[in-house]
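**Q** Given chain Y, work out where chain V should sit, using these hints.
Chains as they are written, first to last, in the numbering used here: chain Y, 1 to 398; chain V, 1 to 132.
Since the hints were derived computationally from the structure, they do not count as laboratory data. Given the structure is predicted, the values throughout are model-derived calculations rather than measurements. We put the CB at the ideal spot given by N, CA and C, even for glycine. A couple of the hints might just be wrong.
[To be verified] Partner residues aside, some chain Y positions facing chain V, computed with beta carbon under 8 Å:
hint	residue
1	R126
2	E142
3	A149
4	G153
5	M155
6	R167
7	K206
[Stated by the list, open to error] Anything over 10 Å on all C-beta distances counts as not near chain V; from chain Y, calculated:
hint	residue
8	G45
9	A67
10	T175
[To be verified] To spell it out: a stretch of chain V is covered by chain Y in this simulated footprint if at least three of its residues, at any positions, have a beta carbon under 8 Å from a beta carbon of chain Y; those stretches are:
hint	region
11	59-68
12	95-102
13	108-121
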Amino acid sequence: MTRRAPIRKTAAIAGIGQTAYAKALEPTAWELAVEAVLAACADAGVDVADVDGMCRFTAPFETVSEAMLVRALGIRELSFFAQAPHGGEALGAVVAHAAAAVSAGLANVVVVYRALSQSKGGRFGRADRGAADRSADIVVPEQDNLSLAWPYGLMSPGQLFALWARRYAAVHGLTDEDLTRTLGTIAITQRQYANNNPAAMMRDRKLDWDTYRGARMISEPLRLFDLCLENDGACAFVITSAATARTLRADPVYVLSATQTLSPYREPMGIYTGGEMLELFPPAAADRLFGQAGVTRQDIDVAELYDATSYMTLRSLESYGFAADGAGWRYVLEQGTGPDSPLPVNTHGGHLSEAYLHGMNGILEAVRQLRGTASNQVSGAEIALVGAPAGSATILAR
Amino acid sequence: MAVVPGMTELTAPYWQAASEGRLVIQECQSCGRLTHPPLPACPRCHARDLGWREVSGTGTVYTYTVVRHPTHFAFADQIPYALALVELTEGPWLITGITGCDPTEVHAGMPVRATFRPVTDTVTLPYFEPAP
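So here's chain V without its partners, still in its complex pose:
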């Protein structure tokens, strides 16, 4: 059992790429702005011509918390787990989880890189792990 994202026309390409092990961010084809979460128009130039750019998958932890009390039974067996807001090298922020280290080792400014965790047969979530 897993908690999985419902998809919309706007978010489906993001999750589809994740299932292929790629991290993509919405990109305005007119001015080049990267936007996450995706929007129906570029908030900078208002162009409607939007595409997707594969990004490096590297970034740093902007802020984080270690969850020690589950608010949903689906995560009871993952306690404690680290949640983070990661700032990608290219700029946008992602809400994600940190894996690959003890949750207590997570700290603000920590360099991280994307790793992909399948949670069902069809859904893969981008997580982040400490960068070497």
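The shape of chain Y in the complex, shown without the other chains:
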């Protein structure tokens, strides 16, 4: 079935903004959000008072509400605001909602933001955040099947993605050494990008093979450096109609497509897929993403792939169609994801080595690549993909 391209080039990212990223920052998430939104509006050349739309991640992921920002920024009125669920799987959704809103005329200047204060609000890798009493039994409320997993000590994304990585190795016949070399190549390549990115938390920390292999196992087969950073920081960007964006700046970044997808148990960490758990989203969703953008895989110059773990970078290369199912690990070993590879990936360092901003920093990096202002600039980059492992994604173009 042919579907029309609902967004293609009708909306654009006119401005981006971010705070510093660090393990612990003094400001609250609210203050960080204010700083990032103001920076994004300044970059776009719009008065923050003229913002009339906001898109964000749902709570508990996003703790800063639109109401808090409208109050703090003195915004006159929002005529459109929307929230997207599922953590990192909101990254394509917030773009889709914002682009749809400006295309439909529901709003003119939509801010998308993500603010994190894991130092104050609890680290995502710790399931016992907020637990005070260490002697009483802990009752896990039933929500999205967590009550069936937590009692066994399956509590963190890293553990869940270890199950996926093990399945990948079993299905595709990787030895432990094959898997280590593949995941290590991804982690070390991303660290090298971060070493050249002034904003990256790991800018000054080299990662070599001895350090990678010698790091402690967190949840086999994932080692310390296969897991993302935990940090404070905020990102924001401004989406307007393409026509408005062209009046604001010479180099708007157009939204070619942005997608959400949901099918049974394919929400992040749904796990009870019953089919093949490696298939994280229906292949039709990726085809829709490219089809609506009017581009092919070969047209993508740079990809920012959501990497809560190094395994997700690997699998996303396959699920978005840059490598065949099961061929991604050989692709990583033979071609790599570095600056001279066919498809540079996570050129900011990703969540493993720049900072963890739930995919939003990947969108900011794609914008910099398409403006030609990235630290690890891909020469002549015209089209970028930003994608999460369960199929929420966007394709952007200069």
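**A** Just chain V now, kept in the frame of chain Y:
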């Protein structure tokens, strides 16, 4: 101190059976589909007439991980422990732990059978152990 499941109308029969040393899976009384975790309607035929079937408790390890770094203090003294997704002989998948062997011996495709581990006076969790 233990981490125990909060129960809902849908999940309580599963945990009640576990406390009696039985493994039960939700069964559609109309089309016979087995569904886990339990749902309010059969996702295949949409019938609301749902019951519970006691299953064999045998299966194989679909995938697994050995946790070596605790993410919750409640499990700090169990490190290392093996988590697994077990495919029951009857089809459904269960998230569980593997016991009765060294965690490093767990592997994909390993035949396992249910064993029941009381974690409090009232709560028992189905675990799995290597099948003989």
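**Q** Taking 8 Å as the Cβ threshold, is the statement that the region 59-68 of chain V is covered by chain Y upheld or broken by the three-residue rule?
**A** Holds: 7 residues of the region 59-68 of chain V have a Cβ under 8 Å from chain Y.
**Q** Minimum Cβ distance from R126 of chain Y to chain V below 8 Å?
**A** Holds, about 6 Å.
**Q** According to a criterion of three or more residues whose C-beta lies within less than 8 Å of a C-beta of chain Y, is the region 108-121 of chain V covered?
**A** holds (count 4)
**Q** Given R167 of chain Y was flagged as interface, is its beta-carbon under 8 Å from a beta-carbon of chain V?
**A** OK, holds: R167 of chain Y within 8 Å of chain V, min 4 Å.
**Q** Confirm or reject: T175 of chain Y is not an interface residue toward chain V, with every Cβ-Cβ distance exceeding 10 Å.
**A** holds, 13 Å
**Q** Per the CB criterion, is G153 of chain Y less than 8 Å away from chain V?
**A** holds, 4 Å
**Q** Please confirm whether A67 of chain Y is truly not at the interface, meaning its C-beta sits more than 10 Å away from all C-beta atoms of chain V.
**A** The assertion about A67 of chain Y holds, with a minimum of 30 Å to chain V.
**Q** Would you check whether M155 of chain Y satisfies its interface hint, that is, whether its CB is within less than 8 Å of any CB in chain V?
**A** The hint holds - M155 of chain Y has a Cβ within 8 Å of chain V, the shortest such distance being about 5 Å.
**Q** Between the region 95-102 of chain V and chain Y, are there enough contacts, at least three residues with CB-CB distance under 8 Å, for the coverage claim to hold?
**A** It holds, with 3 qualifying residues against the three required.
**Q** Given a cut of 8 Å on the nearest C-beta pair, is the interface hint for E142 of chain Y held or broken against chain V?
**A** Nearest chain V Cβ about 5 Å off; hint holds.
**Q** A149 of chain Y was flagged as interface toward chain V. Is the shortest Cβ-Cβ separation under 8 Å?
**A** Interface hint status for A149 of chain Y: holds (5 Å vs cutoff 8 Å).
**Q** Under the criterion of a CB-CB separation shorter than 8 Å, is K206 of chain Y in contact with chain V as hinted?
**A** Hint violated; K206 of chain Y Cβ to chain V Cβ min 23 Å, cut 8 Å.
Going down the numbered hints, you'll see the structure goes against just number 7.
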